[in-house]
Amino acid sequence: MGEAWAFRARVEHDAALRFTRLVGAISEFDPDSPAIALMRRAATDEERHARLCTELSAAYGQSVEATLLPPPVDIAPAQLGRRQAVLYEVVAACCITETESVATLATLLVERAEPRVRTVLHEIARDEVVHGRMGWAHLAREATQVDVSFLSAWIPVMFSGTVDDDLFAEPVPEAETEELLRHGVLPHSQKREVFVRTLLDVVLPGLETFGVDAGPGRTWLEQRQSGTP
Amino acid sequence: MLFKKLFQILVLGGAVVGTNTACTTRAEAQTAAKKGMKDGGMAADAGAQAAAGGVKGW
Numbered sequence: 001m002g003e004a005w006a007f008r009a010r011v012e013h014d015a016a017l018r019f020t021r022l023v024g025a026i027s028e029f030d031p032d033s034p035a036i037a038l039m040r041r042a043a044t045d046e047e048r049h050a051r052l053c054t055e056l057s058a059a060y061g062q063s064v065e066a067t068l069l070p071p072p073v074d075i076a077p078a079q080l081g082r083r084q085a086v087l088y089e090v091v092a093a094c095c096i097t098e099t100e101s102v103a104t105l106a107t108l109l110v111e112r113a114e115p116r117v118r119t120v121l122h123e124i125a126r127d128e129v130v131h132g133r134m135g136w137a138h139l140a141r142e143a144t145q146v147d148v149s150f151l152s153a154w155i156p157v158m159f160s161g162t163v164d165d166d167l168f169a170e171p172v173p174e175a176e177t178e179e180l181l182r183h184g185v186l187p188h189s190q191k192r193e194v195f196v197r198t199l200l201d202v203v204l205p206g207l208e209t210f211g212v213d214a215g216p217g218r219t220w221l222e223q224r225q226s227g228t229p
Numbered sequence: 001m002l003f004k005k006l007f008q009i010l011v012l013g014g015a016v017v018g019t020n021t022a023c024t025t026r027a028e029a030q031t032a033a034k035k036g037m038k039d040g041g042m043a044a045d046a047g048a049q050a051a052a053g054g055v056k057g058w
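If you read the sequences in order, they're chains A and B.
First residue of the first sequence: 1, per this note's numbering; consecutive thereafter.
First residue of the second sequence: 1, per this note's numbering; consecutive thereafter.
Simulated from the structure, these hints should not be mistaken for laboratory data.
Just so you know, even glycine gets a beta-carbon here, dropped at the ideal spot from N, CA and C.
Don't take each hint at face value.
Unchecked claim - Result set (BS3-like, lysine-lysine): computed pairs, CA atoms no more than 25 Å apart in a straight line:
#, chain 1, residue 1, chain 2, residue 2
1, B, K4, B, K56
2, A, K191, B, K4
3, B, K5, B, K56
4, A, K191, B, K56
5, B, K5, A, K191
Stated by the list, open to error - Facing chain B, a subset of chain A residues (Cβ under 10 Å, in silico):
#, residue
6, R8
7, A76
8, S101
9, A103
10, M158
11, V172
12, L186
To be verified - Some but not every residue of chain A turned toward chain B, in silico, with C-beta under 10 Å:
#, residue
13, S33
14, E142
15, G206
Whole structure, please, built from the sequences with the hints as guidance.
Following this line, the structure appears as structure tokens:
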């Protein structure tokens with residue numbers, strides 16, 4: 001259990017660094033964007049989330065320091081221009097990952113978690129809604145100003161980088177126990193279901209809303225679900 | 001039900017936040033992008049994906 005919370009602490013810490021960097025990047029080409037203030041606040045939120053996750057991780061006997069890695073690398077393809085690269089990163093980090101996080105948190109909050117865990121889940125969920133929305137806000141704004149259709153071909157790459165390969169594999173029995181829910185962790189099959197439903201009902205229709213063809217993303221998902229490499 | 005609500009809150013809510021404050025037209029912005037940025041209208045080569053990735057989350 002501690003490993004899951006330590007991983008989350010690292011994810012939140014990485015998000016804080018990413019959002020701080022994106023504040024400067026967006027300011028260069030769109031200084032009036034509402035996403036700038038939202039991301040500045042989000043960076044602060046994520047540091048607080050990292051501390052909350054670190055505390056829970058420690059309570060489960062797992063040191064986060066031992067799991068910390070170097071700052072997140074630039075995930076955008078090298079051939080994209082700066083503005084496209086920023087949009088790529090915002091879509092990957094917010095429209096996909098933060099949206100998935102909100103769905104996971106909302107699902108966990110329906111279950112009966114330990115009081116301390118529930119308090120942390122609730123606090124983080126409240127902020128993650130804002131973080132997901134700011135990504136969609138940036139995409140919506142960019143769609144009114146520049147061509148965003150280039151994203152379509154990159155969506156499968158973003159999806160692949162969001163989840164571990166074993167999400168679509170058969171789980172080990174320990175990963176399926178409902179006991180995990182008490183500690184704020186989804187059993188494997190439920191995690192996969194939330195991931196898939198979020199892509200199908202939120203992320204892919206959302207991309208289409210702003211003129212990004214969801215076809216390649218849908219194909220990626222169908223291949224994963226059918227076991228096609 | 002949860003996912004429908006998420007679409008409304010995140011996607012449609014984001015559209016309101018993002019587009020209500022947009023103060024430049026698409027044409028103006030595209031012209032500026034072509035002048036000042038090297039990515040104006042350039043399509044991505046999705047075949048070269050070695051350096052691209054995604055972001056891990058919860």
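Q. Any CB of chain B closer than 10 Å to the CB of E142(A)?
A. At 8 Å from the nearest chain B Cβ, E142(A) passes the 10 Å test, so the hint holds.
**Q.** chain B contact restraint for S101(A) - C-beta distance below 10 Å
**A.** Status holds, d = 4 Å.
Q) When you check the alpha-carbon spacing of K5(B) and K191(A), does it fall within 25 Å? A) Holds - the C-alpha atoms of K191(A) and K5(B) are around 19 Å apart, at most 25 Å.
Q: Under 10 Å, Cβ to Cβ, is where V172(A) needs to be relative to chain B, so tell me if that hint holds or is violated.
A: violated (20 Å)
Q: Please verify that hint: A76(A), Cβ, nearest Cβ of chain B, below 10 Å or not.
A: Status holds, d = 7 Å.
Q: So, M158(A) near chain B? Judge it on the closest CB pair being under 10 Å.
A: Constraint on M158(A) satisfied, holds at 4 Å.
Q. Per the CB criterion, is G206(A) less than 10 Å away from chain B?
A. holds (4 Å)
Q: With a cut-off of 10 Å on the beta carbons, see whether R8(A) makes it to chain B.
A: Cβ of R8(A) sits 6 Å from chain B, so the hint holds.
Q | Proposed proximity, K56(B) with K4(B) (alpha carbon, max 25 Å) | A | holds (23 Å)
Q) Against chain B, with CB atoms and a cut of 10 Å, does the hint on L186(A) hold up? A) At 9 Å from the nearest chain B Cβ, L186(A) passes the 10 Å test, so the hint holds.
Q | Satisfaction of hint between K4(B) and K191(A), Cα-Cα up to 25 Å | A | Within the cut-off at roughly 18 Å; holds.
Q. Do the numbers back the hint for A103(A), that is, is its least Cβ distance to chain B under 10 Å?
A. holds (6 Å)
In this structure, only the earlier hint numbered 11 is contradicted, and the remaining ones agree with it.
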